[in-house]
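**Q** Sequence:
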Amino acid sequence: MSSSPPTPPRKAPSNETEWRFKPLSAPTEWIESYRPGGLHPIHLGDTLCGGRFKVVRKLGYGSSSTVWLAQDTHHNQLGQTGTRSGRRATSYGSVVAIKVMIADAPADSKESEMYKLISDTPADDQAKDHVLSLLDQCDHEGPNGTHRCMVFEPMGPSVGMLMDSEDGEGVQLAQAKSILKDTLLGLHCLHSCRIAHGDLNQGNLLTTLRPSHDQNPQALGQKPTPDNISDPVTRKDGKPDRWAPRYLCLDRPLTELVDANGAFRTKLTDLGAAFFFDDHPADPATPLGLRAPEHILHGPVDHSIDIWAFGCLVYEIFTGFQLFAISDFGSTETENNDSHLLEMTDVLGPLPPALYEKWDRRHRYFGPGGEAIRTGVGPDEPSKYPMAFIAPLEERFGEAKPEEMGKEETAQVLALIRRILQYDPALRPSTAELLEDEWFKNIGSGEGEESASSRSENDAAALDSTSVDSGVVSS
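Okay, so the sequence shown: first residue is 641 according to our numbering, each after it adds one.
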C-alpha cells in the first residue's frame, strides 16, 4: 500500500517538473489548480454548504472559480427558497447556479457587497433587471480550505458562446441590437450605483432561458459518462490525492434552454474585477483588446474604461470580429502595448499630444512630423518586411457589418462608435447619455420588434406564473 503524499504547496507550479498530475487532454480547468488555497474538488452528485445544494451539472469555470448547476434542497412545494431575493428565486424553482471560489480568493473582495448594494438601491428596475442577481452565499469547507459559494439565478450561455457557435452564424441583427441595449442598461445600473465593471466582455454577458420550459433538476443533470468527463485524474507518482477530484467535468452550459433564434434578454455578470468609483485599481482586469488607451499607458483609470470597452463591443457584436485583435501569445507586454497603440492610430486616428507624449517608444514608430516609419513591434533592427497598416474604422465596419444593415443605420452606428471611443476619458459619454442616443432609443420600437422593457415584463410574468427549473452558465 502506497504512503500518502505530502501536502502540496499553495503556490501554483511554475514548470512541468513541478506538476503533480499527468496531463489531461479534455478542455477543462487546469488540474494543477486543485491544491491548498485553490479550487474545491467537486464531483457530480456532491453537495455543498451543509448538504443544501446538490450538484447536477458543470456549467463553466474561470481563473478563480468553477460554476455548477445545483438543486436547492431547501426549496419547498410553495416555491420558497429562503434566499435573500424571494421573487427572483421562486421564478426559477429549485435550480440555481453556484460559483465556487478558490479558497485563497482575496479577503478584501467587494463582489458580495456590490451585489447587495445593487439589490438594495432603488435604481431603475429595467436597468437592474440586466444585472445578474445574487440570491445567497455560503461557505463550504473542503480539503483545500474554505470556499465562498455564491448562489445566482440560473442563466444560459454567454453572448461570446453564441457568437462562436458551430454554425458560424453568430447572432441576428435584431438580436445584436437587443444585446447591446441590454448590456448598456446593465452597465447603467452599475454606474448608477457608482460601480465600474472593469471586465466588460462577451463572456460576461449571459443570456436568459426560455420562461416556459418544464425541465427538472434530474432532466438537466450531467451524467459521468466518457463524453461528459475527463480521463481519470492520475498523479505522476501513482499515489492517491485528496486535494483534487477523481475526474474533471466538461462544461455543459444550458444552451438547449435558450431560444437562440428568437427573443432572449442579456444580463451583465461577474463583478469579481469590479471597483467602486472612488477606489480605482492600478491595473484593471480588462481583456487586452478591450483596454482603453489610458490603461495601456499605465495612467490613472476610472469607470470610463467600461464605456471604452462597450464601444469595442458594439463593433464586435455587429461584425463578429475584434476591433483590436491583441494577443499575448509569444509577445512581451511592451510589444503588446505598442501593437495596441499602433492599431488604435490606424483605426481611430492619431493619439492626442497629451497621450502621445506618454508613449515611451513612440519615436520607434513615428518620425518628427508624426509620419509612420515602422509598424513592426519586434526586435530593434530594421524590419525586412514592408510597413503594414490596418484599415480605418469606417472601412472595416463597412466590409464586416451585417448585410441587412442599411446605409443610414450604418452611419448611425459608426457615429456612435466614434462618439464612445474618445481618447480623452472626460469626453466619453455616460451610460445615461448613451441611453438617450436616438439609435438606442429606437431599438425595439420598429415594427415586429419587442422592446427590452416589454420583454422584461413578459418574461417576469411568465416566470411568476409557473414553477419551473432552469440553468445557467458563467465564466
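Hints are not guaranteed to be accurate.
Derived DSS-like pairs: lysine-lysine, alpha-carbon spacing no greater than 30 Å straight-line [said to hold, decoys possible]:
1. K756 with K863
2. K651 with K879
3. K1041 with K1081
4. K756 with K768
5. K651 with K768
6. K694 with K756
7. K879 with K863
8. K863 with K876
9. K651 with K998
10. K998 with K662
11. K1081 with K1047
Since the hints were derived computationally from the structure, they do not count as laboratory data.
**Q** Which hints, by number, does the structure contradict?
**A** Hints 1, 5, 9, 10 are the ones this structure does not satisfy, whereas the remaining hints hold.
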